[in-house]
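Engineer: Given only the sequences and the hints, what does the whole structure look like? Please build it.
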Amino acid sequence: MRMQRVLAAMAAAALLAVAGCGGDSGSSGGGGSKGGITKVKVGVLPISNVAPLYLGMKKGFFKAEGLQVEPSIGQSGNELVTGMVSGSTDFAFLGYTPLMSARGQGLPVKVVANADNGAETAKDEWTLLLSKKGSPIKKPADLAGKTIAVNALKGVGEVEIKAALDKRGVDPNSIKLLEIPFPEMPAALDKGRVDVIWAPEPFLTTVLDAGGQAVEAPLTTLGSKFPNGTYGTTEKEIAQHKDVVQAFARAINKSSDYATSHPDEARATIPTFTKIPPAVAKKIRLPLWPTTIDRAKLQTLLGFAVKYKVIEKPPSLDDVIWEGAK
Amino acid sequence: MIAPLAAVAVLLVLWELVVRVGIVAESNIPPASAALSELLNQFGDGAFWSAVGSTLEGWAAGLGIAIALGVPLGLLIGSSRWAYRGLRVPIEFLRPIPSVALIPLAVLIYGQGLQSKVFLAAFASFWPLLIQTIYGVQDVDPVATDTARSFGLGRLERMWRVTVPSAVPYIATGIRISSAVALILAVTAELVIGAAGLGREINVARSGGNLDVMYALIVATGLLGWLLNLATSAGERRVLHWHPSQRGVLT
Chain A
1 MRMQRVLAAM
11 AAAALLAVAG
21 CGGDSGSSGG
31 GGSKGGITKV
41 KVGVLPISNV
51 APLYLGMKKG
61 FFKAEGLQVE
71 PSIGQSGNEL
81 VTGMVSGSTD
91 FAFLGYTPLM
101 SARGQGLPVK
111 VVANADNGAE
121 TAKDEWTLLL
131 SKKGSPIKKP
141 ADLAGKTIAV
151 NALKGVGEVE
161 IKAALDKRGV
171 DPNSIKLLEI
181 PFPEMPAALD
191 KGRVDVIWAP
201 EPFLTTVLDA
211 GGQAVEAPLT
221 TLGSKFPNGT
231 YGTTEKEIAQ
241 HKDVVQAFAR
251 AINKSSDYAT
261 SHPDEARATI
271 PTFTKIPPAV
281 AKKIRLPLWP
291 TTIDRAKLQT
301 LLGFAVKYKV
311 IEKPPSLDDV
321 IWEGAK
Chain B
1 MIAPLAAVAV
11 LLVLWELVVR
21 VGIVAESNIP
31 PASAALSELL
41 NQFGDGAFWS
51 AVGSTLEGWA
61 AGLGIAIALG
71 VPLGLLIGSS
81 RWAYRGLRVP
91 IEFLRPIPSV
101 ALIPLAVLIY
111 GQGLQSKVFL
121 AAFASFWPLL
131 IQTIYGVQDV
141 DPVATDTARS
151 FGLGRLERMW
161 RVTVPSAVPY
171 IATGIRISSA
181 VALILAVTAE
191 LVIGAAGLGR
201 EINVARSGGN
211 LDVMYALIVA
221 TGLLGWLLNL
231 ATSAGERRVL
241 HWHPSQRGVL
251 T
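Chains A and B are the protein sequences, given in the same order.
For the first sequence, the positions run 1 to 326 when my numbering is used.
For the second sequence, the positions run 1 to 251 when my numbering is used.
Calculated directly from the structure, the hints in this document are not laboratory data.
As the structure is a prediction and not an experimental result, all values here were calculated from the model.
Each statement offered as a hint is correct.
Here are the simulated distance ranges between beta carbons:
(1) A:G134 with B:I23: 19 to 27 Å
(2) A:D243 with B:R238: 55 to 63 Å
(3) B:A68 with A:L317: 49 to 57 Å
(4) B:S233 with A:P136: 57 to 65 Å
The beta-carbon is built from N, C-alpha and C at its ideal position, and this holds for glycine as well.
Structural biologist: Take a look at the structure:
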């Protein structure tokens, strides 16, 4: 046992020694400035919600602020947090829930700008609880005791679904959650591995097109235009490159405003950074891109996240949101 | 040449049938014809080739580091009984660590880009090379070594004239194995970490629900692995044309 521990320590030391050689040559910490243009690496998920960032890049809103955005595609909010904290990205597009969870655990991340929100009404919502064609599950009350697929346990899906069911008078503890990645959800629903899936676009549209039924829109049940995603950064970035953070916040807010007033242009950017088939991209539901951070609703979200034990140590919103944010 | 082609054709027909007959729903897996025609589309797309380039970059750098470290270390460890005895346990401890398990460490230290990918590919492909080289050195014919010694050759000269040539077939096999391992890890890093390359493109296609593109790219990674294996085998034959394992049988 002791021998193994010694070996493990040796292995770790050797790895760190090897690692040390690589050093910190990544484009981190605000990036290099050349000719008045600062390169910033932005961690993103390859989903349609991040369209304003790409539209803003295309329209030159970032260039006008002296920024050159280099998107870096990640797989999950937690991974994007790691990317920022390790300094491999300067900013990231991620959910409020993983960001607040990271902050609660003491990681130095902050909200710089609002990214995307749920729809005003359920019929436009872009993440839905869906049942199979012909399934007897048609309304929220039918969800009691059912098995629901979420992309991650102890994630935002669990918070939203349980809180919405609670609001609908359905016992949130009666449901069973099963972890299945979004892309594999339609197949899981087809094969009957789960009764219901919690699916965003573009899977929502493909399932509805195949005769699937919209059972509930958890996000809209929690509140109209409920906040979903944010652009975050680290305290280190704010302390060392405040001007860059301010410039980024101005540019992304301008991009979001532009996307809101020009939804067709925003939609047209989707096939350029996702591989959503163009025919599907034309009809998927888009999120809302308001620029104001809805503190009241975030407090509600945080409350539910704590209630359903997805966030153990809740941070205060003043700690979460950068004082320069809108 | 006919048999392998026939086998590939049979597999493709099976894939097509499994989907067409409905054993697997077409909404879950596209038929072979759809994936292959999408692959042809991809061949005409610059983004595809830049992804291939990124994957090859990670493969080459990872394998290069593994060769640069694994072969000299293997020669040293293999030719010293003392070093072999001392290092056998740490090697046997480190070797089975799946590189994938080091992903969190790689992301923390190197971030989500090329460096992480190279680190993982190099770590994974280092071990087969090291072990092959050690075995190669230990398999040197003692008579040859003794003969060299009785001719008065020094330690270095014996290493260069006897040990290295007789270990080369082992090293070449090690490189072929490590090449495949480096490619697997490069694609894995792209899939999991999101470093640029074919793996990341597969994941983006998956997140976008574009199954034709996803399977076309999966086939592309297979083709790439096959081509790299052909290339390393050809290199092996060239370097080892003198070795019994590569010579045709004379009767």
